[in-house]
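Here is what each chain is made of, one letter per residue.
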Amino acid sequence: MVADSQPVSPQFARDHARRVMARRLRGLMRSVLIHASLIPAAFVFTLPFLWMLSTSLKPDVQFYAYPPVVIPSPFQWSNYPDAVKFITFFLYLRNTLTIAVLATIGVLISSSLVAYSLARIPWRGRNFLFILTVATLMLPFQVTMIPLFIVFKNLGWVNSWLPLIVPHWFGGALYIFLLRQFFMTIPMELSEAARIDGANELKIYYSIILPLSKPALATVAIFEFIARWRDYIGPLIYQSDQ
Amino acid sequence: MATATATANLPRRRLSQGTRHTINGLLFASPWIFGLLVFWIYPTLASAYYSFTKYNGVRNPTFTGLANYIELFTKDEEFLAAVYNTVYFAVVSIPLAIIFAFGLAMMLNAKIRGQVVYRTIYFLPTLVPEVALALVWIFIFTPHNGLIAAPFRAFGSRGPCWLTCAEWARPTLVLLALWIIGQQIILYLAGLQDVPQDLYDAADVDGANFLSKFRNVTVPILTPVVFFHLITSVIGALNFFAIPYIMTGGTGFPANSTLFYSIYLYKNAFHYLEMGYASAMAWLLFMFTLVVTLIIFRSARLWVFYAGGED
Numbered sequence: 536m537v538a539d540s541q542p543v544s545p546q547f548a549r550d551h552a553r554r555v556m557a558r559r560l561r562g563l564m565r566s567v568l569i570h571a572s573l574i575p576a577a578f579v580f581t582l583p584f585l586w587m588l589s590t591s592l593k594p595d596v597q598f599y600a601y602p603p604v605v606i607p608s609p610f611q612w613s614n615y616p617d618a619v620k621f622i623t624f625f626l627y628l629r630n631t632l633t634i635a636v637l638a639t640i641g642v643l644i645s646s647s648l649v650a651y652s653l654a655r656i657p658w659r660g661r662n663f664l665f666i667l668t669v670a671t672l673m674l675p676f677q678v679t680m681i682p683l684f685i686v687f688k689n690l691g692w693v694n695s696w697l698p699l700i701v702p703h704w705f706g707g708a709l710y711i712f713l714l715r716q717f718f719m720t721i722p723m724e725l726s727e728a729a730r731i732d733g734a735n736e737l738k739i740y741y742s743i744i745l746p747l748s749k750p751a752l753a754t755v756a757i758f759e760f761i762a763r764w765r766d767y768i769g770p771l772i773y774q775s776d777q
Numbered sequence: 038m039a040t041a042t043a044t045a046n047l048p049r050r051r052l053s054q055g056t057r058h059t060i061n062g063l064l065f066a067s068p069w070i071f072g073l074l075v076f077w078i079y080p081t082l083a084s085a086y087y088s089f090t091k092y093n094g095v096r097n098p099t100f101t102g103l104a105n106y107i108e109l110f111t112k113d114e115e116f117l118a119a120v121y122n123t124v125y126f127a128v129v130s131i132p133l134a135i136i137f138a139f140g141l142a143m144m145l146n147a148k149i150r151g152q153v154v155y156r157t158i159y160f161l162p163t164l165v166p167e168v169a170l171a172l173v174w175i176f177i178f179t180p181h182n183g184l185i186a187a188p189f190r191a192f193g194s195r196g197p198c199w200l201t202c203a204e205w206a207r208p209t210l211v212l213l214a215l216w217i218i219g220q221q222i223i224l225y226l227a228g229l230q231d232v233p234q235d236l237y238d239a240a241d242v243d244g245a246n247f248l249s250k251f252r253n254v255t256v257p258i259l260t261p262v263v264f265f266h267l268i269t270s271v272i273g274a275l276n277f278f279a280i281p282y283i284m285t286g287g288t289g290f291p292a293n294s295t296l297f298y299s300i301y302l303y304k305n306a307f308h309y310l311e312m313g314y315a316s317a318m319a320w321l322l323f324m325f326t327l328v329v330t331l332i333i334f335r336s337a338r339l340w341v342f343y344a345g346g347e348d
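Taken in order, these protein sequences are the chains called A and B.
Remember, the working numbering sits 535 above the position in the first sequence when you count from 1.
Remember, the working numbering sits 37 above the position in the second sequence when you count from 1.
To be clear, the hints were calculated from the coordinates, so they are not data collected in a lab.
Warning: the hint list may mix true and false statements.
[Said to hold, decoys possible] Cut-off 25 Å, straight-line C-alpha distance, at most; resulting in silico cross-link-like pairs (DSS-like, lysine-lysine): (1) 91(B) / 112(B); (2) 148(B) / 250(B); (3) 620(A) / 593(A); (4) 688(A) / 91(B); (5) 112(B) / 688(A).
[Unchecked claim] Listed next, the stretches of chain A that the computed footprint assigns to chain B, with coverage defined by at least 3 CB atoms under 8 Å from CB atoms of chain B: (6) 557-569; (7) 646-659; (8) 679-692; (9) 757-767.
Computed from a predicted structure; not experimentally measured.
Ideal placement from N, C-alpha and C gives every residue a C-beta, glycine not left out.
Take these sequences, add in the hints, and give me the full structure.
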């Protein structure tokens with residue numbers, strides 16, 4: 536490093552080798568330490584899954600057996616078909632899927648339209664609407680839960696799928712926010728050029744903005760689908776019977 | 038707005054374009070304007086009104102003034118228990134979640150073998166519906182013969198009573214909630230990957246060791262992530278509902294130790310049909326959330342560091 540012409544002294548070479556060794560050893564120690572803490576934690580994180588899997592194949596008597604039965608014997612494969620029969624699994628699956636898909640489609644269409652208005656059309660009042668939109672994010676859903684329930688009850692929608700789907704066709708604040716931020720990053724010149732060429736707003740929205748926003752739209756679709764798929768309190772409130 | 042130009046017909050054209058923009062803007066936003074009015078603004082106002090009434094959801098509400106609020110604070114022991122449990126849960130679980138998520142993200146950010154496998158494992162529980170999680174946990178946390186009892190039995194101890202006694206039910210739920218921090222880990226990981234390498238290099242040149250690099254580089258750069266995590270988890274903790282509701286059937290068993298604010302609110306509204314009372318609870322929750330969020334926002338300038346140099 537210092538000068539190529541000077542021969543490296545044996546002392547320097549030895550020190551250098553020692554330093555390299557020490558560094559390697561430190562790196563090794565470090566990764567051993569990290570593995571040593573990650574592996575037990577990973578075990579704790581997977582344990583419930585493994586336990587669920589193991590329990591799902593156990594005969595009844597082994598559920599609460601002590602000592603706990605880790606590997607079921609015999610494997611009771613019939614638990615799966617039984618579960619499907621016992622809880623009308625496919626009906627439930629179809630219900631949840633239909634609701635989640637319909638809500639997701641609705642939220643995608645409505646939120647992207649609204650976000651387009653907020654991000655791409657310069658009109659008075661859009662900032663006010665945007666502030667209101669963000670403000671609703673702060674509102675705990677418990678505040679609106681009771682009046683909404685009463686509205687849906689008066690409409691005769693309780694115990695139907697409508698309360699779980701229809702509101703999503705009018706936009707979701709979080710998604711409007713997210714899509715607005717994304718639409719703002721698309722150069723305005725694209726819209727202006729299209730306007731000069733005579734395209735109307737719907738055309739610009741549909742042919743320019745949406746195709747450029749696929750990643751953001753996919754994010755919204757995934758978020759909404761998972762949220763509806765996992766939703767517990769919605770059905771709990773609005774579906775008081777089967 | 039564009040600056041005015043001298044051409045005679047331009048102002049008219051611009052005006053009509055402005056009007057067109059307004060019409061288009063309103064048309065595109067119309068679903069949400071309707072949704073905002075029907076699903077947000079009306080219910081919010083209605084709920085504020087209900088909170089001053091006695092209302093069972095069927096007969097017309099009768100105005101009772103502050104009676105609901107007074108009863109909540111002076112007579113309702115279950116309410117106080119619910120507040121205590123919820124605050125306990127927030128105060129204990131949030132710092133733990135921050136420490137665990139941050140720590141795990143640090144380790145998952147290290148270049149080690151199996152990084153992807155580890156990351157997947159820690160994220161997995163986040164994808165499972167809360168109902169399924171709650172059911173498995175009930176199975177595992179059955180005292181005496183659940184899986185969790187096995188290591189205690191091995192030492193001849195009976196182990197804690199977990200969800201079946203009041204002293205342990207709360208800490209057990211805190212423990213269980215720590216299991217779903219996958220999303221937070223992802224946030225910290227993203228933050229860690231944004232830390233500029235030259236900061237570490239500069240620290241190396243100055244002879245900084247691991248700890249001082251952690252304290253003076255990693256932590257400050259990640260404070261915005263901690264800030265975001267803190268805000269969202271405060272709101273999340275105040276709304277903690279599905280897991281304890283499923284695990285206890287909403288009874289708050291044992292001895293109201295798992296009665297959380299949202300559960301008690303739900304019970305008032307839909308079991309006891311005290312919709313006015315529940316609305317008062319909802320508004321208290323809203324106000325409390327606002328105040329806590331505001332305090333955290335205010336405190337941010339003391340401890341949150343923006344590398345981009347905000348203010």
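* Asked: residue 112(B) and residue 688(A): Cα distance at most 25 Å?
  -> Violated - the C-alpha atoms of residue 688(A) and residue 112(B) are around 31 Å apart, more than 25 Å.
* Asked: residue 688(A) and residue 91(B): Cα distance at most 25 Å?
  -> Holds, at about 18 Å.
* Asked: If you look at each residue in the stretch 679-692 of chain A, do at least three have a Cβ nearer than 8 Å to any Cβ of chain B?
  -> holds (count 9)
* Do three or more residues from the stretch 646-659 of chain A put their C-beta atoms closer than 8 Å to C-beta atoms of chain B? -> n = 10 at 8 Å, threshold three: holds.
* To do: Please count how many residues of the stretch 757-767 of chain A have a CB within 8 Å of a CB from chain B and say whether that reaches 3.
  => Coverage by chain B holds for the stretch 757-767 of chain A (4 residues, Cβ < 8 Å).
* Against chain B, does the stretch 557-569 of chain A show at least 3 residues with beta-carbon separation below 8 Å? -> Holds, because 3 residues of the stretch 557-569 of chain A bring their Cβ atoms closer than 8 Å to Cβ atoms of chain B.
* Do the alpha carbons of residue 620(A) and residue 593(A) lie within 25 Å of each other, as the hint requires? -> holds, 17 Å
* To do: Could you grab the alpha-carbon distance between residue 91(B) and residue 112(B) and see if it respects the 25 Å cut-off?
  => holds, 16 Å
* Asked: Do the alpha carbons of residue 148(B) and residue 250(B) lie within 25 Å of each other, as the hint requires?
  -> Holds. Residue 148(B) to residue 250(B) sits at ~17 Å (cutoff 25 Å).
Comparing the model with each earlier hint shows a violation of hint 5 alone; every other hint is respected.
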